[in-house]
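Each chain, written out:
There are 6 protein chains.
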Amino acid sequence: MKQDSGIDVTLLPSSDPSAWASILLEALPYIQKFMGKCVVVKYGGNVLGDSVDSNEEIDAELDSFAEDIVLLHSVGILPVIVHGGGPQIDEWLNRIGKVSAFSNGLRVTDAETLEVVKMVLLGKLNPSIVQAINRHGDKGVGVSGLDSSLIVATKAKGDIGFVGDIESVNPEIILSILKDGLIPVVATIGADSQGQGYNINADFGAAELAVAIGAEKLVYMTNVEGVRGKFDDPTSLIQRMQPGELENLLGSDTIQGGMRPKLQSALSASKNGVSSVHILDGRIPHAILLEMLTDRGIGTMITEEVVEK
Amino acid sequence: MKQDSGIDVTLLPSSDPSAWASILLEALPYIQKFMGKCVVVKYGGNVLGDSVDSNEEIDAELDSFAEDIVLLHSVGILPVIVHGGGPQIDEWLNRIGKVSAFSNGLRVTDAETLEVVKMVLLGKLNPSIVQAINRHGDKGVGVSGLDSSLIVATKAKGDIGFVGDIESVNPEIILSILKDGLIPVVATIGADSQGQGYNINADFGAAELAVAIGAEKLVYMTNVEGVRGKFDDPTSLIQRMQPGELENLLGSDTIQGGMRPKLQSALSASKNGVSSVHILDGRIPHAILLEMLTDRGIGTMITEEVVEK
Amino acid sequence: MKQDSGIDVTLLPSSDPSAWASILLEALPYIQKFMGKCVVVKYGGNVLGDSVDSNEEIDAELDSFAEDIVLLHSVGILPVIVHGGGPQIDEWLNRIGKVSAFSNGLRVTDAETLEVVKMVLLGKLNPSIVQAINRHGDKGVGVSGLDSSLIVATKAKGDIGFVGDIESVNPEIILSILKDGLIPVVATIGADSQGQGYNINADFGAAELAVAIGAEKLVYMTNVEGVRGKFDDPTSLIQRMQPGELENLLGSDTIQGGMRPKLQSALSASKNGVSSVHILDGRIPHAILLEMLTDRGIGTMITEEVVEK
Amino acid sequence: MKQDSGIDVTLLPSSDPSAWASILLEALPYIQKFMGKCVVVKYGGNVLGDSVDSNEEIDAELDSFAEDIVLLHSVGILPVIVHGGGPQIDEWLNRIGKVSAFSNGLRVTDAETLEVVKMVLLGKLNPSIVQAINRHGDKGVGVSGLDSSLIVATKAKGDIGFVGDIESVNPEIILSILKDGLIPVVATIGADSQGQGYNINADFGAAELAVAIGAEKLVYMTNVEGVRGKFDDPTSLIQRMQPGELENLLGSDTIQGGMRPKLQSALSASKNGVSSVHILDGRIPHAILLEMLTDRGIGTMITEEVVEK
Amino acid sequence: MKQDSGIDVTLLPSSDPSAWASILLEALPYIQKFMGKCVVVKYGGNVLGDSVDSNEEIDAELDSFAEDIVLLHSVGILPVIVHGGGPQIDEWLNRIGKVSAFSNGLRVTDAETLEVVKMVLLGKLNPSIVQAINRHGDKGVGVSGLDSSLIVATKAKGDIGFVGDIESVNPEIILSILKDGLIPVVATIGADSQGQGYNINADFGAAELAVAIGAEKLVYMTNVEGVRGKFDDPTSLIQRMQPGELENLLGSDTIQGGMRPKLQSALSASKNGVSSVHILDGRIPHAILLEMLTDRGIGTMITEEVVEK
Amino acid sequence: MKQDSGIDVTLLPSSDPSAWASILLEALPYIQKFMGKCVVVKYGGNVLGDSVDSNEEIDAELDSFAEDIVLLHSVGILPVIVHGGGPQIDEWLNRIGKVSAFSNGLRVTDAETLEVVKMVLLGKLNPSIVQAINRHGDKGVGVSGLDSSLIVATKAKGDIGFVGDIESVNPEIILSILKDGLIPVVATIGADSQGQGYNINADFGAAELAVAIGAEKLVYMTNVEGVRGKFDDPTSLIQRMQPGELENLLGSDTIQGGMRPKLQSALSASKNGVSSVHILDGRIPHAILLEMLTDRGIGTMITEEVVEK
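Residue numbers (this note's numbering), protein chains in the order written: chain A, 20 to 328; chain B, 20 to 328; chain C, 20 to 328; chain D, 20 to 328; chain E, 20 to 328; chain F, 20 to 328.
Bear in mind the hints are in silico, worked out from the structure with no lab data behind them.
Just so we're clear, the structure is a prediction, and the values are computed from it rather than from any experiment.
One or more of the hints may lead you astray.
One copy or two, either will do: identical chains are not told apart, so a pair holds if it fits within one copy or between any two.
In silico lysine to aspartate or glutamate, DMTMM-like type, Cα no more than 25 angstroms apart, as pairs [stated by the list, open to error]:
#: 1; residue 1: LYS176; residue 2: ASP82
#: 2; residue 1: LYS56; residue 2: ASP199
#: 3; residue 1: LYS117; residue 2: ASP314
#: 4; residue 1: LYS198; residue 2: GLU266
#: 5; residue 1: LYS117; residue 2: ASP252
#: 6; residue 1: LYS56; residue 2: GLU191
#: 7; residue 1: LYS249; residue 2: ASP300
#: 8; residue 1: LYS198; residue 2: ASP300
#: 9; residue 1: LYS174; residue 2: ASP82
#: 10; residue 1: LYS52; residue 2: ASP252
#: 11; residue 1: LYS117; residue 2: GLU131
#: 12; residue 1: LYS52; residue 2: GLU191
#: 13; residue 1: LYS174; residue 2: ASP78
#: 14; residue 1: LYS52; residue 2: GLU324
#: 15; residue 1: LYS176; residue 2: ASP272
#: 16; residue 1: LYS52; residue 2: ASP199
#: 17; residue 1: LYS198; residue 2: ASP78
#: 18; residue 1: LYS117; residue 2: ASP199
#: 19; residue 1: LYS198; residue 2: GLU110
#: 20; residue 1: LYS174; residue 2: ASP184
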């Protein structure tokens, strides 16, 4: 397993045991700190590759991510994965010749569109992640927001069809899966008490779920390097913010596009008990591992804590 | 709830409490007998209606079936639902212009076909059943054979693509869901240890699962009235068979079409510890309730037991 | 067992499965509602027949009652039986030539009378009920108010000998018997801390016990059809009362004779947490079953609830 | 409590703490040895006085016995009392003018006689013992062989009516009462599966119960000083016997009268796992205490053990 | 075992069973009272003899004390032993030619002195007591205040080196040892959070530990007969005091020498929840047994209780 | 804490996250493998520095070792430390002017010598290790072989005094300490059933303890680099041996001095269920960490396993 992790071994400090010991001495206290704690990881549709059922090679990035998650789990940390799937939904709507109407940037979701959303999220992406995890040890379990009414939804305002707001979260099924030593992989489809399904924004789903299960950490895996102080300046990366600072930032027009709802959900989680929220660059190999087990910061961290990391 | 069950109340023996008492006296010992026991119910794709996400009425038959299941569960019986989805898969393959090749009656399942199979089963039918159950009390949980490697599969013989045989069943996740007081709804997609997915026949999946969880009963809900002694004679219904008799029957050419693999899986379950296997007519309203809680037989029962029902 | 329940099968709606299903659909939610809940059933001396030890036939009514209790218990409801024995005590006092003096309608209970009361209740009637229950499954356990000081009594006011008022109830032994999956049958003899025994009114004993164990329901099985609005008008049966209405009724002189203390104890239970108290006609076959598992009311129900049944 | 134990304090070795310490050092290892172990004590009808419900003084001997039992129980020993009641049954049969017929020394027990037997044992003597125990702490619980079918009986051979032989013992209820920290007081009425009651010899009942619950010790409290080697020689007391020796003794005609069935039951218990069986003189104050907690032997002990006491 | 307890058997009241019964009747309620309760016994260095590792005879007094402790433990009482060691420390300091400086009666404890203190307490006396206990049944466990930071200490005021005051007690390890059915033997060495060790006064250690574990009783085994009302009058022994009275006594100059800190710690324990504190004469054979299991008082008892003993 | 680990940070591969990730990917599977497993670490007297009670600096090597142990424990591995103390015993014997006699290389241990052995091991070295561990988190618990008779010993052959062989090990106390989340530190003093103490070789003690608690690993921390194939050739280090090879090696005269009994005990552990036994060079900083959590071998490993490390 280790020889396949795609790392140039000539870079390793093999001649110096002290360097190795130093890294272990750094990592072990983090393992202890997060042992038995829940970490919700939002894995964006942008970083999700093609299905493992194709006769092509297994998607290497998804496989590497799955390996990291399984390793964290193996040392007692409790990861919960929440995933999106925007690009893949677009592709399938296109395939059946469906043209989406938009209203204020939100896709108008009629019954047929909702059917495709469910099929892509629950029938294609969710099992792909589960299968990738299971290649490293049979621990992945697919969950939808429908299961034992995990996500209870109501129709969102506006005439945009079956788009839902989260009314409440019943986290028992996630806690039970964690207690069984398994790794839940969640697709954020919700339903109301009449059984009508709704499409739910995955960033908000991840945040609400993190709050409901009392997660220690919420990590957004994205395809940017973090939050910038200036929209178009890559060198303006903010490494650490307190929730109050984030609130101010959201009050300005610095944050735009898809980053805005992401940071709104991050702020909400941060204010409701999640100790630290992270915007990570999922393109860095083993980003989640480096973030969780080393003193080095990657991307942006939002936390009330003053001293640590 | 009760007033909506669609029964003509003028038929009720309301003037005679003795008749009511008699039915209760008959039902209660069955409740006691099956309390805490698992019952696997195979719900065929033929009886599954359209998605509840459509803006049409909720499918009435699925809703009635879901109510029965929830009531049985409410008195301590542990139902596990396994579903198929042949007609709905055909419809979607057709929709994207995919033409299936067949080999010995089995559909050649290339990667694209498998993708559609997963999307229909996991993304469309499975959540429909879960949503129908949850209309009666938040207990439904969708499960695929991928979850924590519930169904480990290998490629079936022949050059027919990603059609799988069941290698082993890891029933822990089903038992855990039952222990949590929930109702599992299972789609029979499997995977091998490399994470490659396979389509699995739902009748065989139901039988193997029933054996693996130690089910007391396995019920096939079909659209025929049971097993006939003569293929084309509706009056030749066999009400009760021992496994040996079924084996003989399968040795003859009386059993044809889709009933043959169904009865082969029934025989396998019957020989591996499932006390009774039933072929029920799912078109009879509340068929599962009548079968389980009254002395009246419906359809065909396969059992070693000599005396009872 | 079922064929012996003494019901004319020609009355059964055997030709119509819908009618059967309807009754089951009605009963199952009640079973769920009462599962794990305690129901105290006061079984009056008037309906208790002769001992099963005689070489005559087993008393059919007691046997039918015992069967109902065992069936309710078999589906998870927790019945506790409390019994009286007035007529049988009279008979035995008469047999040994003892003439009772009365004071304000209460029998003056000297030491010799108390001895006979104990012998009849504990030595004759209580074991008869236990034996009848055990014919249907070994679950009956005789309990007296003396056992681990279940009923702590003090001497009642007036010069009437060993008649006791209930000072406190120690319900642990009843709860322990229920937890062991058994059915307690209680005779209401009490004692004070010096070990002096007292005769205790069984209606009040049943009410205090129902309160002490947190019973959901208290049912008085009597030989009248319920509470009447007018003393001598059988058509004036009151089907449902709130405790306040009962209190008003007791303030008038409508309620007379043995019904008055019975309703006083019913009122007390109703005001101290027992959700519903019932006065049932024990002469109706399977009255307890019909009351608990159907929508039909039998006799009179006292409850704060407004909507249900 | 202590000052009332009726002992002449001038006899006490109060001037010598060493003597006190010596007695404690002797007793403590016995307490440890029997802690958590069951001891069945057969308390004969001969030593049972009149009812405590009479307005006379509480029976002093029963009270002293009850105190000993409660003290043993308070230090973790688990006593189970089994009682007879021959003299009291005779008295009540006489009172209602019933004349018993006898056959081979056994009373012909018709239905009416059985009714009186049950009333005296279950309604008079059993509650008297329970009440005496409860004067010292609310731990006594009356049990009949009918309760949850503790004693399953069959009709004894011969035409002697409702006299029963023990077919099997279901000791769960006794074990449950002990686990609840209570003291069972058992009357040996049994029943068959049809609910027919039978009178059971209490000596045999005690022995079978001791075997069924895995008792460490079985003690018969009698009104003789123990087993004699010669029938009419009080100086021939046998202090200790092995089961084999007892079997030989029973083969001779030395043992006569009521002692014969008592010793037969003792032999049966001894051969079926009860470590020691004792025939004690219940007339010695605190006999059970001295037997269990000192090195001094009282009466006769039957045991396989060679060395101890 | 019993024959070796060194008691002149001719003193025993063997001819009178009533006397024996009386002593047992007296002891049993005390066993019940203290069953499951913790009793901290401070065993002073003055009464500790030479090591059992010498080739001389086992120290008889330590052995007798150990036997008493094991017997109390065997009947369910939970003893915790705390020991001192002043004389033995003096002896060893002398042996290596170390001269102690004193300041206000407290020994100035430099690093070398602390090393000897630890070696004598932890390496010599503590294992001697453990070994003596284990001669009677393998239950002794040596514990130092260092173990899992049982005693957290700070440097005492004044320039007297490594003498410590108790800052806090973490009693979990003691409670865990007791739960395992073992007998902790505690040496009162403490440490601060930097790992620096300190010598702690054993009387105060015993008192703080008794409070921390919720002990019922704290017993100081000394070599005097108890607390005297007048310093030099042996007949002025105070048998019983309330904490308030002790406080007054400590306000006067009646209490001098080592008895003063002992009584100050006793007062502290008494005011913080320890029901009774005792100053016993450890020279009386089996003093702890007589104190705990008889009505006779030995030495001085400090308690808020008014009536008992 | 991390900044104090004494490692030159300029050596760290800080510019390359891949290298860090690689080391973590290597370590995590080992953490998972050893999680919940026991590892016995024999810490030799040679590497034990002076007492932390001195007013000098804390011994840096002991502190570093303690930190490693606490870190391993913090991630779920269960270390048990066993220590020796030869040099320190020599020093103290010398201090009191005691001259040891030797017989076949073993010190003749008279009573006075044994006293010093116990004082040094139990009173000086054991608490030093406990204090060092507690500087990193209050988990250390000192244990002697006397505690609850952990090590039962008999007198070794020959006329060499109180030197003991191990007769049996009662590991319950060690398992209980581990279950409480604490780290046992064991000194190998044993005793026989009469309470006579014996000095036990610590290498053998560690091996027997490892077997008794079912340890996964046994590590000897020494001051040599491992086992050499040729006695005087440092380049002949054997990195891996199977038990059979070790047995052969011990049959030759290659192994001499103190390494011989060490390897004999290693062989014994290896043959009795300890998966791997290691001879490590304790002078390498963080040797235990590198050995347990990296693919790199340090010193010599004895194992039956063929493939791994």
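Q. For the identical chains here, do LYS198 and GLU110 meet the 25 angstroms Cα criterion within one copy, between copies, both, or neither?
A. neither (37 angstroms within a copy, 40 angstroms between copies)
(Q) One pair to classify: LYS52 and GLU324, alpha carbons no more than 25 angstroms apart. Within, between, both, or neither? (A) Result: close within a single copy only, 15 angstroms intra versus 33 angstroms inter.
**Q.** Intra- versus inter-copy proximity for ASP252 and LYS117 (alpha-carbon distance at most 25 angstroms)
**A.** neither (38 angstroms within a copy, 48 angstroms between copies)
**Q.** Up to 25 angstroms CA-CA - ASP252 versus LYS52, copy category
**A.** So LYS52 and ASP252 fail the 25 angstroms test inside a copy (35 angstroms) and across (45 angstroms) alike.
Q: Classify it for me, LYS56 with ASP199: is the Cα-Cα distance of at most 25 angstroms met within a copy, between copies, both or neither?
A: Classified as both: same-chain Cα gap 14 angstroms, cross-chain 20 angstroms, threshold 25 angstroms.
Q) How do LYS117 and GLU131 come out at 25 angstroms by Cα distance, when the copy is not named: within, between, both, or neither? A) both (9 angstroms within a copy, 19 angstroms between copies)
Q | 25 angstroms Cα threshold - placement of ASP184 relative to LYS174 | A | within (6 angstroms within a copy, 42 angstroms between copies)
Q. How would you classify LYS117 and ASP199 at a CA-CA limit of 25 angstroms: within, between, both, or neither?
A. Classified as neither; 41 angstroms inside a copy, 41 angstroms across copies.
Q.
Checking an output row: LYS52 and GLU191, CA cutoff 25 angstroms. Within, between, both or neither?
A. Answer is both; intra-copy 24 angstroms and inter-copy 22 angstroms each pass.
**Q.** Homo-oligomer pair classification [GLU266, LYS198; C-alpha up to 25 angstroms]
**A.** neither (35 angstroms within a copy, 43 angstroms between copies)
Q: Could you place LYS176 and ASP82 in one of the four classes (within, between, both, neither) given a Cα distance threshold of 25 angstroms?
A: For LYS176 and ASP82, neither the intra-copy (39 angstroms) nor the inter-copy (28 angstroms) Cα distance is at most 25 angstroms.
**Q.** Alpha-carbon proximity between LYS176 and ASP272, which holds within one copy, between copies, both or neither at 25 angstroms
**A.** Only inside one copy: LYS176 and ASP272 sit 24 angstroms apart there, 61 angstroms across copies, limit 25 angstroms.
Hints 1, 3, 4, 5, 8, 10, 17, 18, 19, counting from the list given before, are not met by this structure.
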